[in-house]
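Asks: The lines below spell out each chain.
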Amino acid sequence: MSLEILSCRNLKKQFVENQVLRGIDLQINKGESLAIIGASGSGKSTLLRCLNFLEIPSSGEVSLRGELIGSRQNGQVLYQERDLIPIRAKIGMVFQHFNLFPHMTVLQNVMEGPRTVLKLPKSEYESRAISYLEKVGIPEKRNAYPSELSGGQQQRVAIARALAMEPEIMLFDEATSALDPELVGEVLDVILKLMQEGLTCVLVTHELGFAYSAAQRVLFMHNGVVLEEGSAYDVLVEPQQPRTIEFLRGHSRFQLPSPKNSQ
Amino acid sequence: MGYVWEFGVVFNQLDLLLAGLLNTLKITGGALLFGIPLGLLAAILRLSTYKWLRVSVGVLIEFFRTTPPIVQLFWFFFALPMLSGIEMDPFRASLVTFSIQSSAFFAEVFRGGIVSIERGQWEAARAIGMSYLESMRRIILPQAVKRMIPAFLERVIELMKTTTLVATVSYADLLYQANNIAQSTYRPLEVFTVAAGLYFIVLFPTSLLVKRIERQLAKTGEGTVH
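Chains S and H, in that order, are what the protein sequence lines are.
What the first sequence shows, in our numbering, is residues 1 to 263, in sequence order.
What the second sequence shows, in our numbering, is residues 1 to 226, in sequence order.
It is worth saying that the hints were derived from the structure and are not from the lab.
Careful, some of the hints might be misleading.
Derived pair list, reagent style DSBU-like, types lysine-lysine, alpha-carbon separation capped at 30 Å [to be verified]: (1) S:K12 x S:K122; (2) S:K122 x S:K90; (3) H:K51 x H:K161; (4) S:K12 x H:K51; (5) S:K119 x H:K146; (6) S:K122 x H:K51; (7) S:K260 x S:K30; (8) H:K146 x H:K219; (9) S:K30 x S:K12.
Across the chosen pairs, the derived CB separations fall in these ranges [claimed, not checked]: (10) H:E214 x S:G198: 50 to 56 Å; (11) H:K51 x S:P181: 45 to 51 Å; (12) S:S177 x H:S116: 41 to 47 Å; (13) H:S116 x S:P242: 44 to 50 Å; (14) S:N143 x H:T206: 29 to 35 Å; (15) H:W52 x S:N10: 33 to 39 Å; (16) H:K51 x S:P242: 22 to 28 Å.
A short list of chain H residues far from chain S (calculated; beta carbon distances all over 12 Å) [said to hold, decoys possible]: (17) V71; (18) Q121; (19) W122; (20) M130; (21) L153.
Please read all numbers here as calculations on a predicted model, not as lab measurements.
Just so you know, even glycine gets a beta-carbon here, dropped at the ideal spot from N, CA and C.
Construct the entire structure; sequences and hints are all you get.
Replies: Here it is as structure tokens:
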């Protein structure tokens, strides 16, 4: 039996006039890797941001390990910032634009959570930060400042910063969209390694090839709802919904041919 | 014509002028000591999510920014004792006035610095589980303060010059002493020239520092806040 880590029920989010999420049901189990795809404006980033409460959902429920987040009152769930802080500490988030702290070195960036939030002793938060920098493959940059790193290196530091909190689940919000194409690979390699080690991951991505080879489950979102959901093969190779087919066709319109004399 | 400058009489009383300079520095330093934390607090309250708090602190800040400091000084020195019985000597009244007055200006500098930090920094701090105050203290303020330094030093220069008003409530600052010496020696030109020179000696390096920091920040691609 699989253990549920994060789930949401009938999740809705409205920005003034604009209904971005129109009722999302989702369950993410331990060790699972889930990719969310869809066009810009389909609500996939908002969904991710509602799952760690960087955005407060308008209605619906979110549960971590089966426990409702927030307090239920008259059928409505109310959220208080002080209840959300410990929840965010258990949910790792990686942003499109890295958002590293520019006034801190790489090591300080990664130590910040264990130090300020978890309040670990110095010996512990330092060795923990170094071990996660090793995991993402840049321990030698520990004393550099973010501005001295390439985009790919910065994103790997951001991943280490999230991992250092030892979260139950990692959310990747278009983690490679802001990178130069030649730097995408090194970041995807790190994410793939984490997935293979059994870390629960949800990624919002435009890298369909990566979603196909790395994610166990793929979700196609359109206009604030999940239109299609299934194994990577089912959704990406043999989609059923016309919208999904159209979206995938748009993505594969221009492709390089294979070499004529390929083995 | 030909005015004959006679600085000798001024230099004979240089100790009085220097005592006045010391008092000027005391008021300026004291106003900074209290005005900066007060300004930070006011800035944070003005950025509050509670509208009533935001608005009332905003009105207070604007009141002290837009009314003449000499009126504020008279109010604390003359009006407050009549209305409430709280009496202050010239030093205290001056200190209270300039602490509050400069805090209103510092509040706006702090606010400008804080809002200039990208939203992504707040989000990254919150995403690793930091509270509002932790994010502010560890992530936002260290970056904001750096951008604020030039605007901040400009305020220090303005403040020190504005403290000349304390002479009007008989606090013995540099200008007050200069006035006294001018009246006793009949050499106002020399006395006020030397007094101006003393202000210049203190503030010119500060002004140079502003320029230097602005250049450095521009080099690393960071803006400054005004």
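Asks: If you test the structure against every hint from before, which numbers come out violated?
Replies: Going through the list in order, the structure violates hints 1, 3, 6, 7, 12, 16, 18, 19 and 20 and respects the others.
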